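In terms of numbering that gives the first Met the number 0, the sequence shown has 88 at position 89, counting the first letter as 1, and numbering is strictly consecutive.
None of these hints come from the bench; they were simulated from the model.
Label-pair distances were calculated between CB atoms; the ranges are:
#1 V77 with Y23: 51 to 61 angstroms
#2 Y18 with I58: 22 to 32 angstroms
#3 G4 with E71: 15 to 25 angstroms
#4 A48 with E80: 46 to 56 angstroms
#5 R74 with T38: 46 to 56 angstroms
#6 T34 with M9: 20 to 30 angstroms
#7 Y24 with S65: 39 to 49 angstroms
Just so it is clear, the structure is predicted and the values come from calculations on it, not from any experiment. We put the CB at the ideal spot given by N, CA and C, even for glycine.
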Amino acid sequence: MAIHGLNISMAVFTGLSAYGLLLYYEGGADAANATSLLTMLSYLAAIAACIVGIGFFGIQLDRRKSEERREEEARKAVEAERKGRRKPVQRT
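Based on the provided sequences and hints, a complete structural model is requested.
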């Protein structure tokens, strides 16, 4: 879930940013002046939600990866301990 949420948040943020840049390049200040306050606030809220989503899902992904890393290290330690307890075979 974390990787999907992070990808969606980044995609929406990139899309909104690209739309804003294209709108600015096509109409310049006239397009900005023609935009209503409600529309501008909704864009700002969506961008802020995307930034929060990127932060939240990024943290969740980092936690998941660190947990997987710790589990892998614990598994390797148990495996190494098991190998260390084996008695060598004596050939006579």
